[in-house]
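Once you've looked at the hints, dock chain B against the given chain A.
2 protein chains.
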Amino acid sequence: MSGPLIGVLGGMGPAATLDLLQKILQSTPAARDQDHVPVVTWNVPQIPDRQKAMAGTGPSPVPAMLDGIRALNTAGATHIVIPCNTAHRWFDELQAASAAPIVHIADATLALLQQAPGLRKVGLLATRVTSEAGFFQSRFAAHGIECLVTSDAEQDALFTPGCYAVKRNALDDGGKLLEAAAQALIDRGAERLVLACTEVPVGLQHIASPLAARSIDPTMALALSCVRIWQEGRRT
Amino acid sequence: MSGPLIGVLGGMGPAATLDLLQKILQSTPAARDQDHVPVVTWNVPQIPDRQKAMAGTGPSPVPAMLDGIRALNTAGATHIVIPCNTAHRWFDELQAASAAPIVHIADATLALLQQAPGLRKVGLLATRVTSEAGFFQSRFAAHGIECLVTSDAEQDALFTPGCYAVKRNALDDGGKLLEAAAQALIDRGAERLVLACTEVPVGLQHIASPLAARSIDPTMALALSCVRIWQEGRRT
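Just so you know, the sequences run in chain order A and B. Numbers given in the working numbering equal positions in the first sequence, counted from 1, plus 308. Numbers given in the working numbering equal positions in the second sequence, counted from 1, plus 308.
This is chain A alone, in the form it adopts within the complex (with noise of 0.2 Å):
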């Protein structure tokens, strides 16, 4: 097979990986089988926690993510992305040992916002790691749009619990933690909401929030930057 191939490293959850494969299946113009996006997924999730790594409680996730990359590299895969926005906090190591391009979470959200002309300030839904690696913010701040981010309380009473729940199926419970981490965010001012954390969509949709109409998902952002790269490639 010619043309382009999608690799997607998953297991950073698993849910969140279906949750990606689903949004570029349902997002491609497609009239029979040979139509869709050709994908090879790495849907492994023993990978250490990326946010015990990073609090010093736990190993460091990085061996078992090269691992996925270098899979993915043999079995031909032409770009790369990642259905979990916490390890871009990797991604400069990641991308070194990967032959093909991996395209940033962050750029592919940026370039979906950027179809919202005049938004002045949104709130982002992320992990600590998230957050303070800051390259959502940096690329936002460099658009002018400002971001919100969640206080230390919200995070550990309702966005942290809620993320684990979705990691653990328990899609309702999870689901409206997150809404109402979410709440406090458009409460303070947030015009549109950044979902920054894989699990987010994936529990805002189980339990049909308004919120979700208010939302950018980075997960959709990604899904679409996989079908236009296949659709620009088949086509020369």
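Bear in mind the hints are in silico, worked out from the structure with no lab data behind them. Check before you lean on any hint, since a few could be wrong.
Said to hold, decoys possible - With the Cβ distance kept under 7 Å, some of the chain A side facing chain B (calculated, not the full set):
#  : residue
1  : Gly321
2  : Pro322
3  : Leu326
4  : Leu329
5  : Gln330
6  : Ser335
7  : Asp341
8  : His344
9  : Pro346
10 : Val347
11 : Trp350
12 : Asn351
13 : Pro353
14 : Ala379
15 : Ala383
16 : Gln513
Ideal Cβ positions, reconstructed from N, Cα and C, are used throughout, including at glycine.
Same frame as chain A, now just chain B:
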């Protein structure tokens, strides 16, 4: 990583592949990411149409399927599953090229059917290629279970257009056509339906068909096999 790694030869079609991955995820008792089944998926749908190949109106799908089998073995898959009943027409050629054992979808289905003792008659909803290959009927007959199949007229008017509708993501239309084909087998005395084309459970679930409750889903049977392989392998 040691222990099992499930390889999925997907793409036939891509929606059915994601259906299998969802069923593996939902069938796994898991409290955290790391408890989930590790899966590498080759979901590359640029495989020539299987039904057209057997009808003599298109090229063979075997070379493209062998590319996937090789990629999965190189990635370290210890067991391979194929979420496409029709593709099992070429099972022997694929297994001959694979160091990793391929779990046959009809073996997985028979194991699930045998959990309902006393079954005498099942209806098989399958492509012509699958029905004519006979790998379901021979296994069922060996256990005293008679197998009803759709008539030629039902196949042409309901089953085949229903499958292709699901493949192009027209899930409402596809679900209704496939439900009508299923009802015809129930009317002729089938006690259970075997949804032996991976588009069928996708369509019936989408329209919330009551016939789903009287059905055995080979995709679910494969998913349960994957979970069992993972749970037995990680223990040792």
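Status of the hints after comparison with the structure:
1. A cut of 7 Å between beta carbons decides the hint on A:Gly321: the least distance to chain B is about 4 Å, and the hint holds.
2. Proximity of A:Pro322 to chain B holds as hinted, the smallest CB-CB distance being about 4 Å (cut-off 7 Å).
3. For A:Leu326, the shortest C-beta to C-beta distance to chain B is roughly 5 Å, which falls under 7 Å, so the interface hint holds.
4. Annotation: A:Leu329 was flagged as interfacial toward chain B, and the flag holds, the nearest CB pair being 5 Å apart, inside 7 Å.
5. Satisfaction of the interface hint for A:Gln330 is found here, the shortest Cβ-Cβ separation to chain B being roughly 6 Å, below the 7 Å cut-off.
6. Restraint check, A:Ser335 versus chain B: the minimum CB separation of about 11 Å is more than 7 Å; hint violated.
7. Given hint, A:Asp341 at the interface with chain B, holds; its Cβ is 4 Å from that chain's nearest Cβ, closer than 7 Å.
8. Using the Cβ-Cβ criterion of 7 Å, the hint placing A:His344 at the interface with chain B is satisfied: the shortest such distance is roughly 4 Å.
9. Because the closest C-beta pair between A:Pro346 and chain B is about 4 Å apart, less than 7 Å, the hint holds.
10. For A:Val347, the suggested interface contact is upheld, since its CB lies about 5 Å from the closest CB of chain B, less than 7 Å.
11. Interface hint at A:Trp350: satisfied, since its Cβ lies 6 Å from the closest Cβ of chain B, which is below the 7 Å cut-off.
12. This hint holds: A:Asn351 has a C-beta 5 Å from the nearest C-beta of chain B, less than the 7 Å allowed.
13. For A:Pro353, the suggested interface contact is upheld, since its CB lies about 4 Å from the closest CB of chain B, less than 7 Å.
14. For the restraint placing A:Ala379 at the interface with chain B, the shortest Cβ-Cβ distance is roughly 5 Å, inside the 7 Å limit, so the hint holds.
15. At a threshold of 7 Å, the smallest CB-CB gap from A:Ala383 to chain B is about 5 Å, leaving the interface hint in force.
16. Because the beta carbon of A:Gln513 sits about 14 Å from the nearest beta carbon in chain B, more than 7 Å, this interface hint is broken.
The structure fails hints 6 and 16 (numbered hints given earlier, in ascending order).
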